[in-house]
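Chains as they are written, first to last, in the numbering used here: chain F, 1 to 293; chain L, 1 to 318.
Just so you know, not all the hints are guaranteed correct.
Unchecked claim - Computed list of lysine to aspartate or glutamate pairs in DMTMM-like fashion (alpha-carbon distance at most 25 Å, straight line):
#1 F:Lys284 / L:Glu205
#2 L:Lys19 / F:Asp62
#3 L:Lys25 / F:Glu36
#4 F:Lys280 / L:Asp203
#5 L:Lys19 / F:Asp135
#6 L:Lys25 / F:Asp135
#7 L:Lys216 / L:Glu66
#8 F:Lys128 / L:Glu164
#9 L:Lys19 / F:Glu36
#10 F:Lys4 / L:Glu66
#11 F:Lys4 / L:Asp213
#12 F:Lys128 / L:Asp14
#13 L:Lys25 / F:Glu166
#14 F:Lys41 / L:Glu164
#15 F:Lys284 / L:Glu113
#16 F:Lys284 / L:Glu164
#17 L:Lys60 / F:Asp174
#18 F:Lys128 / L:Glu314
#19 L:Lys13 / F:Asp135
#20 F:Lys5 / L:Asp213
#21 F:Lys280 / L:Glu66
#22 L:Lys120 / L:Asp14
#23 L:Lys159 / F:Glu50
#24 L:Lys25 / F:Asp174
#25 L:Lys19 / F:Glu50
#26 F:Lys98 / L:Asp213
#27 F:Lys4 / L:Glu113
#28 F:Lys98 / L:Glu314
Said to hold, decoys possible - Chain L side only, calculated, beta carbon under 8 Å to chain F, not exhaustive:
#29 Leu27
#30 Ile35
#31 Gly48
#32 Gly91
#33 Val114
#34 Leu129
#35 Val296
#36 Phe298
#37 Leu300
#38 Leu303
#39 Leu306
In case anyone wonders, no lab produced these hints; they're calculated from the structure. The beta carbon of each residue, even a glycine, is placed where N, CA and C say it ideally should be.
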Amino acid sequence: MESKKTNWLIHALFIFCSATAILPVLLVAAVSFSSESSINKYGYSFIPHEFSLFAYNYIFNDPHIIIRAYSVTIFVTIVGTLACLIITSALAYPLSRKTLPYRNFLTFFVVLTILFNGGLVPWYILFKTYLHFSDNIGALIVPGLMLNGFSVLIMRTFFINTIPPELIEAADMDGAGELRIFVQIVIPLSKPVYATIGLFATLAYWNDWYNSMLFQINPDNFSMQYVLQRILLNIQYLSQNTRSTNASSSLAALPAETSRMAMALIAAGPIILVYPFFQKYFIKGLTIGAVKG
Amino acid sequence: MDNIRSKAIVAVKDWGQWKAIIRHKALYMLMIPGILYLLINNYIPMFGIIIAFKNFNYTKGFLGSEWVYFNNFKYLFATGDAFIMTRNTLGYNAVFIIVNLFLSLAMALLLNEVRQNFAKRFYQTTLLLPFFLSMVVVAYLVYALLNPASGLVNMSILKPLGIEPVSWYLETKYWPYILVIANAWKGVGYGGVIYIAAITGIDTEYYEAATIDGAKKWQQIRYITMPLLTPVITIMTILSIGRIFYSDFGLFYQLPMQSGTLLPVVNVIDTYVYTSLTTLGDIGMSSAAGLYQSVVGFLLVLLSNLLVRKISPENALY
Chain F
1 MESKKTNWLI HALFIFCSAT AILPVLLVAA VSFSSESSIN KYGYSFIPHE FSLFAYNYIF
61 NDPHIIIRAY SVTIFVTIVG TLACLIITSA LAYPLSRKTL PYRNFLTFFV VLTILFNGGL
121 VPWYILFKTY LHFSDNIGAL IVPGLMLNGF SVLIMRTFFI NTIPPELIEA ADMDGAGELR
181 IFVQIVIPLS KPVYATIGLF ATLAYWNDWY NSMLFQINPD NFSMQYVLQR ILLNIQYLSQ
241 NTRSTNASSS LAALPAETSR MAMALIAAGP IILVYPFFQK YFIKGLTIGA VKG
Chain L
1 MDNIRSKAIV AVKDWGQWKA IIRHKALYML MIPGILYLLI NNYIPMFGII IAFKNFNYTK
61 GFLGSEWVYF NNFKYLFATG DAFIMTRNTL GYNAVFIIVN LFLSLAMALL LNEVRQNFAK
121 RFYQTTLLLP FFLSMVVVAY LVYALLNPAS GLVNMSILKP LGIEPVSWYL ETKYWPYILV
181 IANAWKGVGY GGVIYIAAIT GIDTEYYEAA TIDGAKKWQQ IRYITMPLLT PVITIMTILS
241 IGRIFYSDFG LFYQLPMQSG TLLPVVNVID TYVYTSLTTL GDIGMSSAAG LYQSVVGFLL
301 VLLSNLLVRK ISPENALY
């Protein structure tokens, strides 16, 4: 009897916590489906006082901004994630091989990048002024995001623990070259760690606004999250960057609060819909990461 | 004779080493892109810290700019900014570590008691949602709650209670709480998942034996789960203490929506470095603050790793 009571108590507590996690998102959704006049009158609420699709009509009337920002984000995410997986695993796999000369020195070369960094200023000047990563799409892919020491260590640990050295020796005896061993034996056996690191990279690129903020001047190269930030700070951004011929009239009709929240939902929507399906791999990755580093 | 022999041994050894390197040449080739990336993205900026001791000029570049030695640091520490941002960085991070540890642990322990698998998965999934959202989206959610003219708190909670609306983005006194709550909201699911994994890893035989001996649920938590979790908790905590000089830039930059009045309570080292560089264009101050963070941060990371090494060597970084 006693344990049943505590059981219900635990459920009640978790229902409360889950609600706390979801309700702010639902609030944003509710506001985006309200009419602007009811928001001005009653303020935000979880149930729209007056249901309206006007904010979405307004935004999709000229979807140029969204299409552009999403194209940038999707392109950057795909190219960035692939590049990240290739160079991270190509660095991690040799470090996992015990026979590699200077293996400890090279591992330390990776670890030092986790322990110490030069800070924002020299990094920013190097990429912007010397390497000319400004105002091109490469600036959203290369600086900072493509490879990090932690991922290299996670992958290296995975290779050490799952690829038996005998397997590599046997393949070597059969005359397979190192590249062939890596591509045809090691990679197929290591799908879980590729999934995990790939998901971390995808999330980092998809949610990135920092590189756009630092390196981009041309709004055509802004990522979705950075466009969203600009709209939060100044709702007029939405009307200023439209291509409609009668820009002044659309400015007058701009439903400021509701369209702002609609944009938030449009930008966050894909990840909210998709994450329940891939969180399994993500949790696996968190635990690999927690074991080492 | 001996001399010649040892030289020969060295030569053979060298030759052996060379042969080993040549045999592994394909592996070294694989590493080239990654090593080049780290050289550019990490190592060159490490040497670039010299600009903190220079009066940096874009046309003269990294090496050509004139030395001013410790002048940038003198200016930095002469203003009150250095103290405020250090206090804020350390203060917020200390509270974040304690609050998130407590809540994540509570989540993991309680979720472990939920028997119904569907409910368990549902709670875990929803609690993990905030982790997947970008800080920009979180800033929207906070704005939806606190927007002074029409936000939920002012219009739907305070107004019915007859309380005057609050100008949330102009009142400094609420922000320490807002930031701690927002940080917990975003991070507890992630921490909880790590501890749940650690609990799942505990051998069930301990619990079976305890149940046979008549141990109650809370006794099992107290005498089995907690002691076995202690190493994970210690390591996670020490590692976050090692990062205490670095803050979550997005949290402090996005949530206050660039309200100048809030600066004294939301300015941390990372936001200071960013705004002095981009808004004020003050490379001297900015790089001095950045170097201050890198050096103190480095010492703390080293120290925390030394501690982790003492407790459990397999979890240390080096």
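So, going through the hints one by one against the coordinates:
| no. | hint | in the structure |
| --- | --- | --- |
| 1 | F:Lys284 / L:Glu205 | holds (24 Å) |
| 2 | L:Lys19 / F:Asp62 | violated (65 Å) |
| 3 | L:Lys25 / F:Glu36 | violated (66 Å) |
| 4 | F:Lys280 / L:Asp203 | holds (22 Å) |
| 5 | L:Lys19 / F:Asp135 | violated (47 Å) |
| 6 | L:Lys25 / F:Asp135 | violated (38 Å) |
| 7 | L:Lys216 / L:Glu66 | violated (71 Å) |
| 8 | F:Lys128 / L:Glu164 | violated (48 Å) |
| 9 | L:Lys19 / F:Glu36 | violated (75 Å) |
| 10 | F:Lys4 / L:Glu66 | violated (74 Å) |
| 11 | F:Lys4 / L:Asp213 | holds (21 Å) |
| 12 | F:Lys128 / L:Asp14 | violated (43 Å) |
| 13 | L:Lys25 / F:Glu166 | holds (20 Å) |
| 14 | F:Lys41 / L:Glu164 | holds (17 Å) |
| 15 | F:Lys284 / L:Glu113 | holds (21 Å) |
| 16 | F:Lys284 / L:Glu164 | violated (48 Å) |
| 17 | L:Lys60 / F:Asp174 | violated (58 Å) |
| 18 | F:Lys128 / L:Glu314 | violated (39 Å) |
| 19 | L:Lys13 / F:Asp135 | violated (52 Å) |
| 20 | F:Lys5 / L:Asp213 | holds (23 Å) |
| 21 | F:Lys280 / L:Glu66 | violated (54 Å) |
| 22 | L:Lys120 / L:Asp14 | violated (60 Å) |
| 23 | L:Lys159 / F:Glu50 | holds (20 Å) |
| 24 | L:Lys25 / F:Asp174 | holds (19 Å) |
| 25 | L:Lys19 / F:Glu50 | violated (78 Å) |
| 26 | F:Lys98 / L:Asp213 | violated (47 Å) |
| 27 | F:Lys4 / L:Glu113 | holds (11 Å) |
| 28 | F:Lys98 / L:Glu314 | holds (17 Å) |
| 29 | Leu27 | holds (4 Å) |
| 30 | Ile35 | holds (7 Å) |
| 31 | Gly48 | holds (3 Å) |
| 32 | Gly91 | violated (21 Å) |
| 33 | Val114 | holds (6 Å) |
| 34 | Leu129 | holds (5 Å) |
| 35 | Val296 | violated (11 Å) |
| 36 | Phe298 | holds (5 Å) |
| 37 | Leu300 | violated (10 Å) |
| 38 | Leu303 | violated (11 Å) |
| 39 | Leu306 | violated (12 Å) |
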